[in-house]
Every structure is written in structure tokens, then in C-alpha cells.
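**Student:** Each chain, written out:
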Amino acid sequence: MELKPTPTRDGFGEELVALGKINPNIVVTSGDLEDATRAEYFKKEFPDRFFNLGITEQDVVGTAAGLSTQGYVAFATSFAVFLTNRAYDMIRLDVCYNNSNVKVVCSHGGVTVGEDGASAQCLEDFAIMRVLPNMKVICPADYIEARKATRAITNTFGPFYMRTSRAPLPIITTEEDTFVIGKANVLRAGNDATIMACGVMVAEALSAAEKLKAEGINVKVVNMHTIKPIDIEMIVSSAKETGAIVTAEEHQMAGGLGSAVAEVLGQRCPCPLEIVGVKDSFGESGSPAQLLAHYGLKDVNIVEAVKKVIHRKKG
Amino acid sequence: MTPKPIDIESLKKQAVVFRRDILETLELAGSGHPGGSLSAVEIFLTLYGYQINHKANDPQWDGRDRVIVSKGHVSPVVYVTLANFGYFPKEELKTFRKFGARLQGHVHTKVPGVEFNTGSLGHGLSYANGIALGARMRAKDFKVYCVMGDGEIQEGSVWEAAMTASHFKLDHVCAIVDCNKVQENGPTNEIKSLEPLAAKWAAFGWNVLDIDGHSFEALKAAFDNFSNTKGKPTVIIANTIKGKGISFMEGKSAWHGKAPNKEQLALALAELK
Numbered sequence: 001m002e003l004k005p006t007p008t009r010d011g012f013g014e015e016l017v018a019l020g021k022i023n024p025n026i027v028v029t030s031g032d033l034e035d036a037t038r039a040e041y042f043k044k045e046f047p048d049r050f051f052n053l054g055i056t057e058q059d060v061v062g063t064a065a066g067l068s069t070q071g072y073v074a075f076a077t078s079f080a081v082f083l084t085n086r087a088y089d090m091i092r093l094d095v096c097y098n099n100s101n102v103k104v105v106c107s108h109g110g111v112t113v114g115e116d117g118a119s120a121q122c123l124e125d126f127a128i129m130r131v132l133p134n135m136k137v138i139c140p141a142d143y144i145e146a147r148k149a150t151r152a153i154t155n156t157f158g159p160f161y162m163r164t165s166r167a168p169l170p171i172i173t174t175e176e177d178t179f180v181i182g183k184a185n186v187l188r189a190g191n192d193a194t195i196m197a198c199g200v201m202v203a204e205a206l207s208a209a210e211k212l213k214a215e216g217i218n219v220k221v222v223n224m225h226t227i228k229p230i231d232i233e234m235i236v237s238s239a240k241e242t243g244a245i246v247t248a249e250e251h252q253m254a255g256g257l258g259s260a261v262a263e264v265l266g267q268r269c270p271c272p273l274e275i276v277g278v279k280d281s282f283g284e285s286g287s288p289a290q291l292l293a294h295y296g297l298k299d300v301n302i303v304e305a306v307k308k309v310i311h312r313k314k315g
Numbered sequence: 001m002t003p004k005p006i007d008i009e010s011l012k013k014q015a016v017v018f019r020r021d022i023l024e025t026l027e028l029a030g031s032g033h034p035g036g037s038l039s040a041v042e043i044f045l046t047l048y049g050y051q052i053n054h055k056a057n058d059p060q061w062d063g064r065d066r067v068i069v070s071k072g073h074v075s076p077v078v079y080v081t082l083a084n085f086g087y088f089p090k091e092e093l094k095t096f097r098k099f100g101a102r103l104q105g106h107v108h109t110k111v112p113g114v115e116f117n118t119g120s121l122g123h124g125l126s127y128a129n130g131i132a133l134g135a136r137m138r139a140k141d142f143k144v145y146c147v148m149g150d151g152e153i154q155e156g157s158v159w160e161a162a163m164t165a166s167h168f169k170l171d172h173v174c175a176i177v178d179c180n181k182v183q184e185n186g187p188t189n190e191i192k193s194l195e196p197l198a199a200k201w202a203a204f205g206w207n208v209l210d211i212d213g214h215s216f217e218a219l220k221a222a223f224d225n226f227s228n229t230k231g232k233p234t235v236i237i238a239n240t241i242k243g244k245g246i247s248f249m250e251g252k253s254a255w256h257g258k259a260p261n262k263e264q265l266a267l268a269l270a271e272l273k
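Protein chains in written order, with my numbering: chain Y, 1 to 315; chain B, 1 to 273.
Treat each hint with caution, since some may be false.
One-sided and incomplete, this derived list gives chain B residues near chain Y with beta-carbon spacing under 8 angstroms [what the hints assert, rightly or not]:
no. : residue
1   : Ile6
2   : Ile8
3   : Phe116
4   : Ser126
5   : Leu133
6   : Gly134
7   : Arg138
8   : Glu160
9   : Asn225
10  : Ser247
Under the rule of at most 30 angstroms between Cα atoms (straight-line distance), these lysine-lysine pairs were calculated in the BS3-like manner [stated by the list, open to error]:
no. : chain 1 : residue 1 : chain 2 : residue 2
11  : B       : Lys12     : B       : Lys252
12  : Y       : Lys21     : B       : Lys169
13  : Y       : Lys228    : B       : Lys110
14  : B       : Lys230    : Y       : Lys44
Calculated directly from the structure, the hints in this document are not laboratory data.
Beta carbons: idealized from backbone N, C-alpha and C, even for Gly.
Could you build the full structure based on these sequences and the hints that come with them?
**Tutor:** If you want it as C-alpha cells, here you go:
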């Protein structure tokens, strides 16, 4: 059955309702953006466990941390830019330094936010979240994975950051696929190079693999849904098997998935690496498709990067 | 509610002990924050010696009142309070700020009785509100206290939280502003005026008690007022003197974040009788 593309924020919102029915200890704070983050699904079902704190991101995070002390799994929700950037010190101190059971879940990651433009398009969240001790960082690739990830972070104690999308993303995982925090999923086998992607870029990576196959190049495709803790074993084994890696993310090239992979490669098993991401610039207004193309985040850009990395491998 | 007993003469004697312990602890550490610790002695003594329900031998007791120290740099007065009330041996005060010690430079939950790691200002009140919201959902009746500095409340996050506490009618939250009028680089009202402070809190929907923060009688009355106030949060603006009790430290921003040396300690202790 062909499932229609769905925003990962919908997966988060719907799963949170399902979890709320079996887990009375889930509470949610929101910075008056629950309509956008889909936390409003939870609000409608469980108004007594939902707190719209108004346009006060610092308070949204701090209050969630306080709530968590009373045995609650506290979700702090808003746009990715607002919580991870504006409330950074609260995430650092209240959530991470105090090792609180708070899940920072933010919609509106990346340029696929679209027409709202750069101020709402978060392109630095992976970088600034993954440097925080105790924090774990997740970016699901589709609706199904977003539901599984929501379940997994609810049932795992401690700080999490999860980025969801505003844009509908193609369904590329199945209900049967496993989702384990920190364990990447191989979506396709191949020997010439490995593409490691997260979020919207996983679908682009699969499309790139098809295009490359037509040219006789067989790539392994890995869904790196967990950016921290990064799956070291998967990176090392992929480097050994294929000798070349391309990463792809809807994020600045600096500091995100590519950097996390580079840190492992550099220390464990150096091999040629190409990073597909936004090249040190802010986003702008446009449709998601236009912006992905403009910022070099399409399958064709991954194809180009794979060819380059294979060329480098051959020396 | 029935009035609780209070032994003000005993508290006054303990205040002298606390100030000595604070200064000796700071001198041994060689760094730390005396000014805001000395100004808050009566606040902490009245909290732990009169107002709050707590068990030193069971710091995680679920029914305890929570004290959130938002101005985390006043770790000396916090640790001295907890040690004197039996949360850990007083001997351990000698390890303050030393490598490997539980007694971190800014308050830390490694220390029995500390509820929240702080040090960055403006974090405590949101956290206290969250605890109070959670406790209300659990039908728990304990109170949540949040001790802040007056300089600290220049942080915008404090006012975000102030709106939350009144909007959600968190009458189990009691904010205490140690209003010592001096911050790191000078008088608070020269750097960025907070006045009219009581009117600001009142405008944010709080029950405001503007008192002498060195008077045990006034502190007791304020806490009693809080205990009997329903439907809104309470803020106690405790007017204090930075560096209280030591003539050469009083009102001086220079003593915000500097430990006394041996000679200064001797002079200070001579003033504390």
C-alpha cells in the first residue's frame, strides 16, 4: 500500500496521544505553538496535562524541568529555532546539567519550513544540542519513524532533543522496521560507498541510490535517525565495507550529522567523506522543494557527492 | 492554621554561627560569594528553622517542602544551613570548591538537601512553578520556595515565570527576593533600576510582602501570611544589606564574589559576637 507523504510532526502528535492513553505521567508544555507542533492533539485529549505557557520559551523549558521532578515525562514543545536557540541556557542547565526527564521536541526543522523564511528555519539545532552532556538527539525520517521515536524517548529516562518536520515527508520505513535509539538502520546494501542521512534527506538518499544504480554504482544507504549517541559501529563497519562515506542532512554542514560521522572516521578509520548540507548560510522564503534544490539538498546533490567521494577513494 | 512555635533568641544566636561558618568556609576555599550569602542568613534560618517541613535524615522525603536556590552563587549560606541542620557533617564545609568535593562552587544536587543545580541566574522560578504544577496534579500539599537575588530578577526569564505563577494561581509558590541592593558591579538601582519593585510584582498578580529581611519577626509574619494566602503566589521582598554583619563588607559590590583572606577573616570574626 502506498502511504501518502506526511509531516513527521504529525507522527509525534498522534503517538503522544496514543501514549497519553496508557501513560498518565506524560505532561506537555508549549510556547503557544501547539497547533504547529501538533502537541494540540494531546491538549485536546488531556487538557489537564497540557500547559500553554504563552510566548515564553525559557519558561516552557524550565517549567517542564520542574514538572519532571514529580515523576512526569515532560515534553517541552515549540519551533526548533525558538527552543534550541532562545532557551539554550535552560536546556543546558535545567534539562542537561540537572539530567531532567525532559523531552525537547520541536517542529519546523530545516529549510522545508518553507515560506516563513530564515528566522523560522532551524539549521543549527543538531550542532548545539549534541554538544550538551546527557543530551540525546533524534531526527526521524518519516511519519512511522516519528511515532516509534516518540515512543522510544518517552520510555527512556533523560534529556532528549527530537526535531520534526513541517513538510510532508515520503514514507520510507515500515511498521516492522526496528527503531532502537543509537542504532542506525541499513535501508539498502551496496559496496561502492555509503550514504548516511537523517530526516528528509533519507528519502533523497534512497532516490540518489536509484539514480546511481542506473549508472552502475551501488551504494549502501543508512538511516541515521540518532545523531547522538552516534552509531559508531555502523560508521566503522560502513567505512571498512565501502571505503567512502557521504552524509546528508537538512542542517548546516558544520556541527551536525556530518561532523559527528567525521569525528568517528577521523579517530577510528579514516576514509574519504563528503558532507551534504547547508553551506554556512541562512535559509529564505520559498516552497520546500525550491529551497531543498537551492541549498543543494536534493538527490542529485547526493549523487554528485557520491561520485566525488568514490573518485577520492580511488586516489 | 495554628501558629508554629518560634525561638527568635535561639535563631539570633544561630545567625552568628552561620555568619562565622560562611566566612571560615570562604576563607578556606579562597574564592566564593560572601555578600549575598551574608545578606540571606536570616532568610535561610527562618526557612529551615521555622517555616519548612523537612527531614535532614531523609532529604528525598516526598512530603518535604522544596527550596529552590535560584541565586546559586550563595552556596556558602546554603551549605552552611544544610550542615548546621544536619544534612551532612559540618567538617565537609572545608571541602567547599575543592576538586572532587560534593560542595560545588554553585549549589549542586550532589549535596543532600539541594534540589536543583543552579549558577546561571533566572532559572529557579520556572523550575519552582513546574514542581508546584506537578505537585498540584499529584494532589500533594507541599510548598515550593524560590530564593532569588534582586540583581537576578533583571533576568527576563524571571518575569516569564512570574506570569506563569499568577496565571496558574500557584499559591503553593513563595518567591523570596534577597533584596540587598547591590550586584556584581555596583548598586542595583544604578545599573538597572528595579523600582518600583513591590508594585512590579503586584502588577504581575502576586501577593507582595515588603519586609525587613534581617528581622526574624518580620520573616515569620511574612511566611505565616504566605501559608494563609490562597489563589495567588506570594513574593517576599526581603530588604537586606549585602555583606550584613561585617562592617567592611556591608553594601560593597567588591565583596559580591571575593573570599576574605586570613587577616580579613580575623577582622570579620572579631565583629561577630
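**Student:** Now look at each hint and say whether the structure bears it out.
**Tutor:** So, going through the hints one by one against the coordinates:
1. Ile6: For B:Ile6, the interface hint is violated, since the closest Cβ of chain Y sits about 29 angstroms away, which is over 8 angstroms.
2. Ile8: The hint is violated - B:Ile8 has no Cβ within 8 angstroms of chain Y, the shortest such distance being about 33 angstroms.
3. Phe116: For B:Phe116, the interface hint holds, since the closest Cβ of chain Y sits about 6 angstroms away, which is under 8 angstroms.
4. Ser126: 3 angstroms, holds
5. Leu133: At about 6 angstroms, which falls below the 8 angstroms cut-off, the nearest Cβ of chain Y leaves the hint on B:Leu133 intact, so it holds.
6. Gly134: For B:Gly134, the interface hint holds, since the closest Cβ of chain Y sits about 3 angstroms away, which is under 8 angstroms.
7. Arg138: 6 angstroms, holds
8. Glu160: 4 angstroms, holds
9. Asn225: 24 angstroms, violated
10. Ser247: 36 angstroms, violated
11. B:Lys12 <-> B:Lys252: Holds, at about 24 angstroms.
12. Y:Lys21 <-> B:Lys169: It holds: about 27 angstroms lies between the C-alpha atoms, which stays within 30 angstroms.
13. Y:Lys228 <-> B:Lys110: 26 angstroms, holds
14. B:Lys230 <-> Y:Lys44: 29 angstroms, holds
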